[in-house]
Amino acid sequence: MSVGIVMLVHNAFDRAEEVVRHWHGAGCPVVIHVDRSVKKATYSNFVTALKDLKNVRFCKRHRCEWGTWGITAATQSASEMLLADFKDVRHAYLASGSCLPLRPVQELIDYLVKRPRTDFIESATIADVPWTVGGLDHERFTLRFPFSWKRQRMLFDRYVNLQRRFGYRRKIPDGIVPHMGSQWWCLTRQTLSAILSDPDRAIYDRYFRKVWIPDESYFQTLVRLYSQNIESRSLTLSKFDFQGKPHIFYDDHLQLLRRSDCFVARKVWPRADRLYQAFLTDAETAMRRTEPNPGKIDRIFAKAVDRRTRGRPGLIMQSRFPHDGHENGVTAAPYSVFEGFSDLFVDFEEWLTKSTGCRVHGHLFGSEGVEFEGRQSSYAGAISSNIAMRDHNATQFLINLMWNTRGERQCFQFGPRDSQYISWDIAKDPNAQISVISGAWAVPLFLSNRNFSDLRADAALQQKIESEHLNALRSSYAKARIRIWSMADFIENPMEPLQTIVDEISIKGLRRLSEAPKMIDLTGFGQFLQNLKNQGMHPYLMGDFQVEGAPTNAKPNPRKPYLVK
Amino acid sequence: MHGAGISRGITIASRQLSRAVLAYRMRWKRRRLLYRSWRKRRQLSLVIDRTDRIHPNAILSFTTLRNEIARLPYFLEHYRALGVEHFIVVDNDSDDGSAEFLAHQPDVSVWHTSHSYRLSRFGVDWLTSLQMTYAHDHWTLTVDVDELLIYPDWDTRKLPDLTAWLDARHQPMLGTMMLDMYPKGAVGSAKYTPGTDPTRVLNWFDAYGYWVQRQPRMDSLWLQGGVRLRCFFQSEPERAPTLNKVPLVKWNKRYAYVSSAHSMLPPRLNHIYDENGQEKVTGVLLHTKFLDQIVAKSSVEKQRQEHFSNSSLYDAYYDALADNPILWDESSVAYQNWEQLVDLGLMSKGEWA
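For the record, the sequence lines run as chains A and B.
According to this note's numbering, the stretch in the first sequence is residues 1 to 565, in order.
According to this note's numbering, the stretch in the second sequence is residues 1001 to 1353, in order.
There may be inaccurate statements among the hints.
No farther apart than 30 Å at their CA atoms in a straight line, the calculated lysine-lysine pairs in the DSSO-like style are these [claimed, not checked]:
{"no.": "1", "chain 1": "B", "residue 1": "LYS1191", "chain 2": "B", "residue 2": "LYS1040"}
{"no.": "2", "chain 1": "B", "residue 1": "LYS1158", "chain 2": "A", "residue 2": "LYS150"}
{"no.": "3", "chain 1": "A", "residue 1": "LYS518", "chain 2": "A", "residue 2": "LYS464"}
{"no.": "4", "chain 1": "B", "residue 1": "LYS1158", "chain 2": "A", "residue 2": "LYS267"}
Facing chain A, from chain B, some residues (calculated, C-beta under 7 Å) [claimed, not checked]:
{"no.": "5", "residue": "TYR1208"}
{"no.": "6", "residue": "ASP1219"}
{"no.": "7", "residue": "LEU1221"}
{"no.": "8", "residue": "ILE1272"}
{"no.": "9", "residue": "ASN1276"}
{"no.": "10", "residue": "SER1348"}
Bear in mind the hints are in silico, worked out from the structure with no lab data behind them.
In this text, a Cβ means the ideal position worked out from N, Cα and C, and glycines have one as well.
Chain A with its partners taken away, still in its complex shape (with noise of 0.2 Å):
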């Protein structure tokens, strides 16, 4: 019986009776501390259910709630009780009523035996550690914790400020140094006799009863004064989460504790029947005599307390609804917009999917319909292009889009024709990759067969609205991929943005563009803009076009007059 467990007990006795039976077979003394306000009835109950087991005693009984002294002195006494009565104890396991073995105990007794000189515990220095929850970390050792976190909190806050404000700090006794760690230990007979029977004891006891949550830290400091050899990890597997509560293992973790290695868990679920079931027989012969490997619970967990601190971006649902700013990534997926290329080029969609693989619509946000790829009337799972339902939620119906799509790249044309409701949000989006031609919504005016006084009036509308949607890209909110050119700037040189654009989006690797969209004829747009001019509307986003052969209304050169003389 070279190892002991010192055991909590506060719920589930059933579940207990079991697991010290489990310890007690594999030959391990155990001693039980049940916090005293557990009902008198329950623990003569739970006493007399373990009657017939020789090597198990009931220590004195402690309050204990959580964040208080009791449970460190409900491990005191029991630890106490346990080096007096079992002499043959070398190491010490401090266990709770919830805590299971995964592995056969006798290989938890071997590889104690193999490291008799080595303290299990986890013992950091309190700068170094990341996992106070709350904002307490190095005041836990220097302010007084008089009242109960969870009855008192109104008292426990008001005092704890009441401290701050007077600049209120305890001194720490001399010779220790605090560090803190997980609750769970097992310590060799040497260091926790040491530490139990210490001369100054009772001035460590005085002051750690004020400190607050000290099972986290009165062995973990003592034990550096004492021990020769400490290993600072727990051999007990427990995971916290976001608020630092314990996960609870249910049934569904069954295979993934079988492959931890871990000898202990906590905190297993009562009602987890599985669980028990599994590890508390002795025909787990099977398992591997490894070195606790609790790295793939580890990242189980690391997801679920990631899901709960970032939630899963361009995700909106009853789950999760973000403040505005809040949401860690307003879209599921990189996306492209592209504005006036399709005006300025002929079947521009049609030349994007060939040259990019990507997914093009039309305007999706245009006023005359929603434009999905090829004009279908719903897309990416009952998105429809009834414009009724996309302007009833316009922000949504982008996100939506997004995450329905999630892994197939989208691109939309987008201009000052369309809706505009999205303009602010896809400036914000970091998602975004927004490719601007200005002034290219011109080309349709000057190709179309209208008045020129409608056409004047579009124009000057629909400046305006271009000019405010570059607006929104220009300012320092904007955190989308932008890149603005003229039109004029553009045509310049098409290939060259061309290519750029496609190389970050192509899904078909780079290469070099082997086919030009085609550009309209602009032949005589220079002198339509001109026409504006002259008719007092100042076109300036599309740059400085050159009138071709200036219109004269100056009168041809009148002919000498041919005087007879």
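Dock chain B against the given chain A, drawing on the hints supplied.
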């Protein structure tokens, strides 16, 4: 700069004041609802009372129903397996044997009424009055017979496991989304055998196309979309049925649902969502409304005008349903399991790893 400080102070103060006023109005609204429900208790007559069998920590279920004999056997089976210990049912004048069936179940207490479902706020008043008496301090489910609750890991973890976890995190409710299930062919053609799992017949759903808004007055979400929006309400999306529900609540006798189980008071119970980009654990109510019998039922319901507050506006909806429509579409997704729903973003594990 003093002026700026003062005016900012005034803005903050007035915002706090208006928040306090709103909270006060919501408190009175809740009291009004409770009083109204308390008066409606007289409309209920007891059929069979087995509530003395309710244990202190039992999870209870509250339901109003009318002519649900086909769905009832599986409804009870599903929730019993999840760990619901007692069912409290208001039978709104069924004539298909539902009441007799329920009276024979050992874990069901039944009340009867023949009053108007609509005037009782779609049964909520009746249930609230019963909840005042029986649900205090119990985890309480308020579900219709065509709603089957599932949540992450529901196949291995029972409801008491979930409620214990929620208790430890001081979260007194579980939010859900109603997911409309439908068959591949015409709605009336998929034959359902009572007692079997209805999602075997109704095994398709809309994975995408849901819209969420926040309703600041009650701090609740307004989730719409899915197949009913796609098929019946495209031209008036704002009229599409609400899909968010808060069906599982650690009840207090001073709580009250406002509109069905979609929202409730006090408003903090509607806060099923996270606002900082994280995810809270939520479930899904598999909605088995579109079983074969709905085709026949729709014309009856259109006549009774008991299901919407402006029933005549929904005539077209009933007509469409009575026409035995095909709800299935190329974009529909076949239902597999809860993992699929988590991946699609229709529910979330949150921190319940």
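Holds or violated: LYS1158 of chain B with LYS267 of chain A, Cα cutoff 30 Å? holds (17 Å)
With a cut-off of 7 Å, does the beta carbon of ASP1219 of chain B approach a beta carbon of chain A closely enough for the hint to hold? Nearest chain A Cβ about 11 Å off; hint violated.
Residue hint ILE1272 of chain B, partner chain A, criterion CB-CB below 7 Å: holds (6 Å)
Hint validity - LEU1221 of chain B Cβ closer than 7 Å to any chain A Cβ: holds (6 Å)
Are LYS1191 of chain B and LYS1040 of chain B close enough, with their CA atoms no more than 30 Å apart? Violated. LYS1191 of chain B to LYS1040 of chain B sits at ~38 Å, over the 30 Å cutoff.
Proposed interface contact between ASN1276 of chain B and chain A, which counts if any beta carbon pair is under 7 Å: Constraint on ASN1276 of chain B satisfied, holds at 5 Å.
Hint SER1348 of chain B vs chain A: min CB-CB distance below 7 Å? This hint holds: SER1348 of chain B lies near chain A, its Cβ roughly 4 Å from the closest one there, short of 7 Å.
Hold the hint about TYR1208 of chain B up to the distance rule: shortest CB distance to chain A must be less than 7 Å. holds (3 Å)
Would the pair LYS1158 of chain B and LYS150 of chain A pass a check requiring their Cα atoms to be no farther apart than 30 Å? It holds: about 27 Å lies between the C-alpha atoms, which stays within 30 Å.
Starting from LYS518 of chain A, check that the Cα of LYS464 of chain A is at most 30 Å away, please. Holds, at about 28 Å.
The structure shown violates the earlier hints numbered 1, 6.
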